[in-house]
Structure formats: structure tokens, C-alpha cells
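*Asks:* Now for the letters of each chain:
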Amino acid sequence: MSKRKVKDSHLPVGECITEVQSILRERLCCNLHPDKPEEIEAQHKHLLELLKRTVIHGESNSVLIVAPRGAGKTMLLKCVLRDLLQEKEAEKSLLQVHLNGLLQTDDRIALKEITRQLHLENVVGDKVFGSFAENLAFLLEALKKGDRSSSRPVLFILDEFDLFAHHKNQTLLYNLFDVAQSAQAPIAVVGLTCRLDVLELLEKRVKSRFSHRQIHLLSTLTFCQYVQRVQTQLSLPENFPDKKFGQEWNKSITTLCKDASVEEVLRRHFNTSKDFRSMHALLMLCLSRVSVSKPVLKPADVLEASKLRFADAKGNMLHGLSILELCLIIAMKHLNDVYEDEPFNLQMVHNEFKKFLQRKSNSMYNFEQPVIMKAFEHLQQLELIRPVDSSTAKIQKEYQLMRLMLNHSQIMEALQKYPQCPTDVKQWAKSAFA
Amino acid sequence: MTSLLEQPGYDEEKLQMVAEQLLCREDQAGLLLSLMGQPQQYCYPSIFIYGHQASGKSHVMHVMLKELELPHAIISCVECVSSSLLFELVLFSFFGSEASSLLPRSPSLSDFVRIYRQQCLQAPATQTRYIVMEKAELLRDADANLLPALLRLQELVEDNVSVILLSEISWDKFRPNTGCFEPLLLHFPDYSKGDLHQILSQDSHPKYSDDFYSSYINILLGVFYTVCRDLRELRHLVRHTHTHTGRQRHTHSQHSEDFTQHTHTHTEDFTLLKETDTHKLWRNIEPHLKKAMQTVYLREVSSVQWEQMQQMEEKEAGALRGLSAHTHVELPYYSKFLLVAAYLASYNPARTDRRFFLKHHGKIKKTNFLKKNEKTSNHLLGPKPFPLDRLLAIFYSVVDSRVAPTASIFSQISSLVTLQLLTQVSHDDQLDAPKYKCAVSLDFICAISRTVNFEIVKYLYDFL
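Going line by line, the protein sequences match chains H and U.
Just so you know, the working numbering puts 386 at position 386 of the first sequence, and the rest follows in order with no gaps.
Just so you know, the working numbering puts 1130 at position 130 of the second sequence, and the rest follows in order with no gaps.
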């Protein structure tokens, strides 16, 4: 028994790391919800009060939570629901219907889903019977029959609310808001959306039935708070099996966050975006570098991770092109310089390339037209060039007008990084007028 | 390789096996594996891997998932023309055939998620489940909600599932306009010349020594590397030119036999010479490789034909007519003239018609005729549309005999359109003043006009 105890407090490093990875991965990937919402207490309180009124007093409500992506809408809602369900009355009587605009793409599907989640009579197993009209009538009937005092409150949660506004006639939204407004069964409609102009999407009759209550989650995060958040995200909880390892880990995280280079990286991330998702992605990349042989996070890991995050995708793709394809891109760049904003076709590019070859009198790049066409098509496949109009069948390939999807600096930067780039090609790219 | 082998939670022998199969991709595979974490741990909801064609994206995923025996579904978006096929495949590979039969006839995403959740209650994931989508760029053309939903599938089904997207195109071109869950971006860089050499020399021919083979690869890369870095393409070329090399080596030995007779040296250690003398090998091989670039690389000559050509000693490579040589079309006499007239109408400016086609056109000022500002030739800009009247006018001028405008002439014009030698430009009106463009190349029209003894180059404004 005593042996077991000793083992518990002092796990081998491998198991500790496994444990660390499990805990932190779960936190970063599945967005586990914190016990206490930070910085959004006011919104949390507001929403909780609102839902409580529906549950306890039978008041019907509608509310929209509007915030940019990754700002914690779902987190807020989940926290509120968790707190709400701690009330005895809520736990007993509240019915929840979760809908997502991505999944329920039209009203018919949404209606079936509602019927299923409410376990109404026309559901056998999980099959729903009846046509759309029958379903709707049935559902409305069921909602209408109820009244404030006796029937159970229903909470409708519409994730990706803006997509519901694209349904035909907005029937579902109209009916939900209509029930919420009139004295029928008590329901609360909570919409989550990232569009600020979501009210403009609603029809007039739908809009007039909506309560116009909006909760905005606009981030007021300062840099200090951001660093603090990084630190809390990476720290291990109190109940970590190996106390000593946990303490050491937490200490190393604290020192890590104070490191100047890490701070610089974090500031850069903070300046690009404040949302939690991108922070989690960064931390995930850091975490993946922790292993048994390297059981602590070093500033170098954070630097590497941020380098991965900030890698320039187009530059990366340009790096892998062949010299012929690179030459074609340079020719296109020259064409763009000379004839500003004019589209080009393969013939013009080839002509420009030929001019370069004549000047250099270098037979090394003397390729046949079909070989050049193949390179050109490869560039099109990579979407580095794009046809001006998409009527592909009507016109010969070599006369199809194209536009270059790269800008000047991207090309020059790619040339700098290109491995073993021939000098004459580099010079050709630099000379503004060929 | 060390980073790959370190990952705990996996069988070490299996990791070793994986590492052996992933040549020159150790770093990427190691990073990927460390992101995936141990099997029972959560993985990031979606990972987006981009890189050039044949940079080992699918290969790495296949090998890792197969060898490490992780539950996975590999889906090619080319095959899944409708999303119901995709749902079926995913459910089938995770939960077996009963689950996929539960799907209704034309399932929506909602049905898929519902059934997935149901099945998940019965068989929750003990290991991370992976869905690998190959050619993910095609997802953009599918339903607008499919890609955002796949990216946050972990959240939607509340299971330990991770979606891995493989594509050639960078993530910037995928983002839907209202945004979505951002995946982790990973780049698979292109193989360097050394990497390519290493990979290609792996499958060396047992008949020849490794050095010989690797020097051959060197020569091949020397010719093709400037044009093509696609491993698959290069491997295809290696496969179809190396039979030639083998043969070349034999003939080469004959050559060098002559050579040695002349110089009276090296007669004894002749076998040694033929394997190590890369310079001579290069001299013999290089023209053939250059020819291969114009034939096999462009698929002008199919690889079977190429092999046959190698068998026949006399026939030079490329002597066989390729695909593009077959573009020669037999046309009726007047159709040829119609096509010639159409070409002239497409590539000449209308104001020069008087000068070219009128017999007694009087005096035309040369300065007027050759305008200075038209520097770019029409052969650079492509064909211009012309009305039917102009086509017929040029046609009558070009044909020496008197031709009646019969129905057959007009039907020949429309049959040229169906042959796609001409294209009709505007579809406003079928009968009244249709406009056409000529869609043939200069070589083609030269060949056609030669058969009717018409010198087209004399009549082309660009070549004056």
C-alpha cells in the first residue's frame, strides 16, 4: 500500500508527459469550458438571468449573441447552461433543442430535428413521420396548447444563426419568434452568429417579432491579459497526480511567459488576432514539441511554433516550382509591369520569354511550345494564375486570357529564397523593362 | 528519423517500419505524429496539409495510418461526387456496414451527424479517428456547408475525431466568406535534387550495379530537373527510359568496342569501362532523353509505343508520329478554302481586306496601310471575331472559280463549327449575321493551304 502511494506521487517522466499531453490537448482541442468565465462576467450574468426568467417564470425570450469567430460564444453559452442546470427546477423541466445552421440546411430538416429532440408523439425510435406541413402544424399545435404556467419551457439554441436566415421565407425563424412573442408555451430562442449585420438579413415580419436583444462579445483583451491567458492555458491543474512535476511544470511556464523573445512572439500574435482559436493553435504546436527527452517548454519551441504559424503559403509553393515555371512567372510579372492590369495569354508570355532567351543567347532554356504549355497548365492548376472568364471550351488554350495571382514582392522574395537560382534569371527578374 | 521514433504510445517496431518507408519525409512525418499525439489523446480537430504534386502527402498519411493501425477513413474527393458517398464511406470504415445502411436515401449532413453520434454512443472512440480527405480543393465546389462542417466535426459529433485535408492549393483559397474553424496548416516542402536522386535510386534494377543506376539517374535529372520536379513524372520517365539505357549499354559496349579498336587501349578491362564511364554514357543517353521530353513527357507517344520503339533498333525515337501529328484532318475542297478564309478573317484587320483581296483596289497609301500604333500582332492576341459576310467575301476572292452560294456551302460552315475548327461567338441569333472565330493554329492552316496550293503567309498581315 505504501509502495503504491510513493508511486502515485512520483511517476516516471514518461507517464507524466503522457498525462500532461492528455490534459492540455483536451483543453486546447475540445475547448473544455473553464469553471468561471473570464472578462465576460457581465454577458454571462445577463444571459443567465434571461434564461432563468424563461425557466422559472415562464417568460418567452429571444436573444442573439454576436461576436467574431473564436471569441467564445459557444463557451459562454455552455457555461450559462451549466450554471442554469444547477437550478433544481431547470434540471427537472427544461427541454433543450440544439440546431446548427451548418447541419440543418433547410426548414424541413430543422423541423425533423426539433421533433426528434423534443421526443414528440410522431417519433418512433428516431424516425419522424409526416410531411413538412404536418410536422409544422403538429409542432405549432403542441407549442400553442401550452401556456406559461403549466408547460415545460423549451430552449432553442441556433448555432450559425445567419445561415437560418437564408432559408426559404424564413419560416422556421418566423414561427419560433412568433411563439416567443405570443402567450404560448414558454420558449427562449438563443442565436449565435458571427455576422454583425445579422438583423439586416431578417425579413421585416421576422425582425419585428424579434426582441432585438443582442449580446456582443467584443474582445477588450489587453496584452497582459493575453499573456496571462496563455499561462493559464498551459498550466497544470492542482490535482495533477505527480505534485512535484506539476509544480515544476507550472514554474517553467511562468518563467517561459516572462522570457523576452517569447513575449515578442506573443505580441506579434496578439497584434494579428486576439481570438482564442489562433492562440490555441499556436499552443498546440508548442505542445507537440514536448516529449520525454524534452519534458519542458523552451522559448525556442515557441519561436519554432510561431514560425510554422506565420509561414507564407504562396512563398512555400513558389519554392517548389521548376525553373521553367519560375521563368514563366517572371515573364508574367514583366507583362504586368509593362501593360498595367491587362490580362495576358500564353502566347504573350512565351513571346516575353523568347525575348529573354534571345538577349541571353542561351540555349539552355530552349523548350518547345508544348513543354511550355504544360508548365503553364501546372501554374493554372496551382491557381497561381487564373482565367479572366471561365469559358474554357470556346477558346484555344494558348489564347485564353489569364491574370497573375501574385504580387511583385512575393515574386522577388521567392526568387531570393529559390535554391540554386541561375544568375541570369535573377537579373532578368530585377530588370524592370526587358 | 529520431523525432519519429520517439513518440510514445505506439509500438516501436511499427514506428521503425514507418520510418523506413518514408524516405526524405522524416521531419514532416515526425511533426505530424507529434501533432496527432498518442492514440487515446485528443488531436486537433482539423489539419490542413498542402504541398506540390507528388510531395508525399498521401503517402505519408497512408503509411502512418496503415502501419500504426489507427482507425481511419481515406477519402478521395474526386470519387465522392456527392456528399452521400462521403458519409457512407466514413460511417462504413468507422462502424461497419450496418451503420452506413442506416443512412436515408439522400442524406443530409444532419443525418450523418445524427447517425455518427448514435453509433458513437455504442462504440466511443478509444483511439483518435482520422478522416483523410485527398484532393480537398474539390470540397470548395461541393455544398457550401460541407467544408466548414468537416472542419469542426469534432465539436459537432463530440467524438475524438480529426479531419486531415490534403491539397495542392494553399489555405487562403479555401476560406469561406463568413469564416470557419481554422485548421492547423502544415506544409510539405518539395523534394530537393538530392532527395529526388535518393528516392529514384531506391528502385534500382538488380541487373546493374547501384552506382551505374545512380549515375543514370543523375543524367536524367540533369536533363529534366529544369522542367519537371514532379516525382511521379520523373519516375515514369525513369521507368520508360531505363530499358533503353540497358539496351544502350549493350550497344554502347559495341560502340566502345569500335572505339577501343581505334585507340588500341582498354581492350582488357572493357567490362569495367562500360560501367564507370559516365561521360560516354551521358553522350549516348542525352539525345534520347531530350527526345523523351518531347514525346513521353508530353504523352505524345504512349509509354507502350515508346517501349516498342526501343525494341525496334532501326526506328529512331520520335520517328513514330505522336498524338499531335494526327491532328491532320481530311476536309472537302471548299471546306478547306472556307477554313483558310476564316483564318484570314480572324487574324487580319478588316481595313486591310481591300489591299489583300480586291483585284483592282487602286492606290492605297502605305502609311495608312501599315499603322504604327498596331505593334502587337494578332498572332499574339488571338483570333478576332468576324461576321459571316466577311467570311464569304474573302472566300469568293480566294477561290478562283465561281462558286454558287448553295446550301452545301453554308452547311459546310456549320459543320466546321461542330468540328470545333470554327467557334460561333455570340449566340444572340442563329440565322441573322452570326459571328465566328477561327480556332486552328498557324501550323494547321499552313498544312491545309499547302494541299490546295494557296500561299497563306502572303496574305497574313502579321507576316508582311
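In case anyone wonders, no lab produced these hints; they're calculated from the structure.
A couple of the hints might just be wrong.
[Stated by the list, open to error] Calculated Cβ distances over 10 Å to all of chain H for the following chain U residues: (1) M1017; (2) A1019; (3) S1108; (4) R1152; (5) L1298; (6) Y1333; (7) L1380; (8) A1393.
[Said to hold, decoys possible] Below, a list of computed lysine-lysine pairs in the DSSO-like style, where the Cα atoms sit at most 30 Å apart: (9) K1435/U / K394/H; (10) K374/H / K1291/U; (11) K397/H / K1290/U; (12) K360/H / K1291/U; (13) K1173/U / K168/H; (14) K168/H / K204/H; (15) K417/H / K1193/U; (16) K1435/U / K426/H; (17) K355/H / K1280/U; (18) K355/H / K1336/U; (19) K294/H / K1066/U; (20) K430/H / K355/H; (21) K1290/U / K426/H; (22) K354/H / K1291/U; (23) K1135/U / K307/H; (24) K1458/U / K397/H; (25) K397/H / K1207/U; (26) K394/H / K1193/U; (27) K374/H / K1207/U; (28) K1066/U / K374/H; (29) K307/H / K243/H; (30) K360/H / K1336/U; (31) K394/H / K1437/U; (32) K1290/U / K417/H; (33) K1336/U / K394/H; (34) K1458/U / K355/H; (35) K355/H / K1193/U; (36) K374/H / K1437/U; (37) K1291/U / K426/H.
All residues carry an ideal CB built from backbone N, CA and C; glycine is no exception.
*Asks:* Please go over all the hints and tell whether each is borne out by the structure.
*Replies:* Now for the hints, and whether the structure bears them out:
M1017/U, annotated as away from the interface, keeps every beta carbon of chain H farther than 10 Å; the closest lies near 20 Å. Residue placement check: A1019/U keeps its beta carbon more than 10 Å from all beta carbons of chain H (closest about 16 Å). Here S1108/U does not stay apart from chain H, with its beta-carbon only about 5 Å from theirs, under the 10 Å limit. The beta carbon of R1152/U is not kept farther than 10 Å from every beta carbon of chain H, the shortest such distance being approximately 8 Å.
Distance check for L1298/U against chain H: the nearest CB is about 5 Å away, which does not clear 10 Å, and the non-interface claim fails. No beta-carbon of chain H is positioned within 10 Å of the beta-carbon of Y1333/U; the least distance is around 25 Å. Consistency note on L1380/U: stated as away from chain H, yet its beta-carbon is not over 10 Å from all of that chain's, at 5 Å minimum. Against chain H, the non-interface label of A1393/U holds: every CB pair exceeds 10 Å, the least being about 25 Å.
Pair hint K1435/U plus K394/H holds up; C-alpha atoms about 13 Å apart against a cutoff of 30 Å. Only pairs whose Cα atoms come within 30 Å are accepted, and K374/H paired with K1291/U is accepted, the gap being roughly 16 Å. Restraint check for K397/H and K1290/U: satisfied, since their Cα atoms lie roughly 25 Å apart, inside the 30 Å limit. Distance hint between K360/H and K1291/U is fulfilled; the C-alpha atoms sit about 24 Å from each other, no more than 30 Å.
Proposed proximity of K1173/U and K168/H is supported: the alpha carbons are some 29 Å apart, at most 30 Å. Proximity of K168/H to K204/H is assessed by CA-CA distance (about 14 Å); at most 30 Å being required, the pair is judged to hold. The straight-line distance between the Cα atoms of K417/H and K1193/U is roughly 16 Å, inside the 30 Å bound, and the hint therefore holds. Between K1435/U and K426/H the CA atoms are separated by roughly 45 Å; this puts the pair beyond 30 Å, and the hint is violated.
At most 30 Å may separate the alpha-carbon atoms for a hinted pair to count; K355/H and K1280/U exceed this at roughly 35 Å. At roughly 34 Å between alpha-carbon atoms, K355/H and K1336/U are farther apart than 30 Å, so this suggested pair is violated. Taking the CA atoms of K294/H and K1066/U, the gap is near 28 Å; set against the 30 Å cutoff, the hint holds. Straight-line distance between C-alpha atoms of K430/H and K355/H comes to about 15 Å, which keeps the hinted pair within the 30 Å bound.
For the given pair, K1290/U sits about 26 Å from K426/H by alpha-carbon distance, which is consistent with the 30 Å threshold. The straight-line distance between the Cα atoms of K354/H and K1291/U is roughly 21 Å, inside the 30 Å bound, and the hint therefore holds. Between K1135/U and K307/H the CA atoms are separated by roughly 26 Å; this keeps the pair inside 30 Å, and the hint holds. Distance hint between K1458/U and K397/H is fulfilled; the C-alpha atoms sit about 26 Å from each other, no more than 30 Å.
With a C-alpha separation of about 44 Å, the suggested pair K397/H and K1207/U falls outside the 30 Å cut-off, and the hint is violated. Pair hint K394/H plus K1193/U does not hold up; C-alpha atoms about 40 Å apart against a cutoff of 30 Å. Taken as a hint, the K374/H and K1207/U pair is broken in the structure, with Cα atoms around 34 Å apart against an allowance of 30 Å. The hinted pair formed by K1066/U and K374/H fails the criterion: a straight-line CA distance of about 35 Å is larger than 30 Å.
Restraint check for K307/H and K243/H: not satisfied, since their Cα atoms lie roughly 33 Å apart, outside the 30 Å limit. Between the alpha carbons of K360/H and K1336/U the distance comes to roughly 41 Å, so the proposed pair goes past 30 Å and is violated. With a C-alpha separation of about 9 Å, the suggested pair K394/H and K1437/U falls inside the 30 Å cut-off, and the hint holds. A C-alpha spacing of about 29 Å is found between K1290/U and K417/H, which places the hinted pair at or below 30 Å, so the restraint holds.
Taking the CA atoms of K1336/U and K394/H, the gap is near 21 Å; set against the 30 Å cutoff, the hint holds. Taking the CA atoms of K1458/U and K355/H, the gap is about 25 Å. The hint holds against a cut of 30 Å. Note on K355/H and K1193/U: the hinted pairing holds, with a Cα-Cα distance of about 29 Å set against a maximum of 30 Å. Between the alpha carbons of K374/H and K1437/U the distance comes to roughly 25 Å, so the proposed pair stays at or under 30 Å and holds.
Between K1291/U and K426/H the CA atoms are separated by roughly 29 Å; this keeps the pair inside 30 Å, and the hint holds.
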